[in-house]
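S.K.: Which chain is which? The protein sequence lines are L and F, in order. Residues in the first sequence are numbered consecutively from 1, following full-length UniProt numbering. Residues in the second sequence are numbered consecutively from 1, following full-length UniProt numbering.
Treat the hints as calculated values from the structure; they're not laboratory data. One thing to keep in mind: the hints can contain errors.
[What the hints assert, rightly or not] Below, simulated EDC-like cross-link-like pairs (lysine to aspartate or glutamate); rule was C-alpha separation at most 16 Å, straight line:
#1 Lys-66/F - Glu-91/L
#2 Lys-164/L - Glu-15/F
#3 Lys-164/L - Glu-56/F
#4 Lys-84/F - Asp-90/L
#5 Lys-90/F - Glu-56/F
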Amino acid sequence: MSKVAVFNQCPGSEVRAESPLAHLASIKGGSSLVVTEHAFLGHLILRGQADNESLKAAVQSVIGVELPLQPLTLALNETTGASVQWLSPDEWLLILPAGQEYDVEQNLRQQISGHFSIVNVGGGQTLLRLTGSKVFDLLSKSCVYDVHERNFPVGKGVSTTFAKATAIIRRPNEQEWELVIRRSFSDYCYRWIADAGREFDLTFTV
Amino acid sequence: MLHIFCPYCGEHREEAEFRPKGQAHIARPLSPEQCSDEEWADYLFFRDNPRGIHHELWVHATGCRKFFNVTRHTVSYEILETYKMGEKPKVTAESLAKGGRS
Numbered sequence: 001m002s003k004v005a006v007f008n009q010c011p012g013s014e015v016r017a018e019s020p021l022a023h024l025a026s027i028k029g030g031s032s033l034v035v036t037e038h039a040f041l042g043h044l045i046l047r048g049q050a051d052n053e054s055l056k057a058a059v060q061s062v063i064g065v066e067l068p069l070q071p072l073t074l075a076l077n078e079t080t081g082a083s084v085q086w087l088s089p090d091e092w093l094l095i096l097p098a099g100q101e102y103d104v105e106q107n108l109r110q111q112i113s114g115h116f117s118i119v120n121v122g123g124g125q126t127l128l129r130l131t132g133s134k135v136f137d138l139l140s141k142s143c144v145y146d147v148h149e150r151n152f153p154v155g156k157g158v159s160t161t162f163a164k165a166t167a168i169i170r171r172p173n174e175q176e177w178e179l180v181i182r183r184s185f186s187d188y189c190y191r192w193i194a195d196a197g198r199e200f201d202l203t204f205t206v
Numbered sequence: 001m002l003h004i005f006c007p008y009c010g011e012h013r014e015e016a017e018f019r020p021k022g023q024a025h026i027a028r029p030l031s032p033e034q035c036s037d038e039e040w041a042d043y044l045f046f047r048d049n050p051r052g053i054h055h056e057l058w059v060h061a062t063g064c065r066k067f068f069n070v071t072r073h074t075v076s077y078e079i080l081e082t083y084k085m086g087e088k089p090k091v092t093a094e095s096l097a098k099g100g101r102s
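Put together the whole structure using the sequences plus the hints.
M.R.: So this is what it looks like as structure tokens:
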């Protein structure tokens, strides 16, 4: 149990929250490429030693998945929708359903001992979900990373560049791809996707 | 464009994901106050500029954000190996002179 002061960063329903893409318009198109923003999810960065048993046990009991220790892997809890992604040998990204981040952070802090840190980064990034038959075409023309099936199987997540901006590309299941983009780059990424997706009859919901 | 193997991610990535951080294996003097001005200036400012094998520090800036070491040939730009922090290089100018691969 750490003695770090933690406060609930979610202001509640009285304060109007705005997604990083709130100032942009949705785009109506076909179903071959559908991009949907999932704003206000709980994003936590967990850091600690991979051989810390209490860290592994806490993630298992609080999130309900095993802490991914293999590089570039993603662990999903299908029931709750929470996910844990390997970012570096001592760093993981937790994405939780909206509103759970405060409770999860407190539960993790109670159960982890030793040297660790948890930071709520939900205000700094947002998640886009991409579906449709043309997602591969959009991604492969937007980033240098090889997103082909043979290099990017389901359950992989990489931190790389998307249209020269830092982004996390994830593949939680066969139908969907996820892009975790920075708030400060969200306007740029929106405009990039809107332009790059025009030839695929893009639908973008913000 | 270099194609660099990140020893932490376990994959080759594009050069644009990395940043070079200069010469590797520079040891800070254990007692700086005992150093002469020349020794301290040598530690702070003077770097090797070899023609051939060079051990460098790189950071995987948009990936895992870890620092690691790269052994690169400064003439051909060939990357002979990458290895994690704290490890020693397998390929060195001496090992190549003894008949290792070039």
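S.K.: Honestly, which of those hints from before does the structure not fit?
M.R.: Failing hint: just 3.
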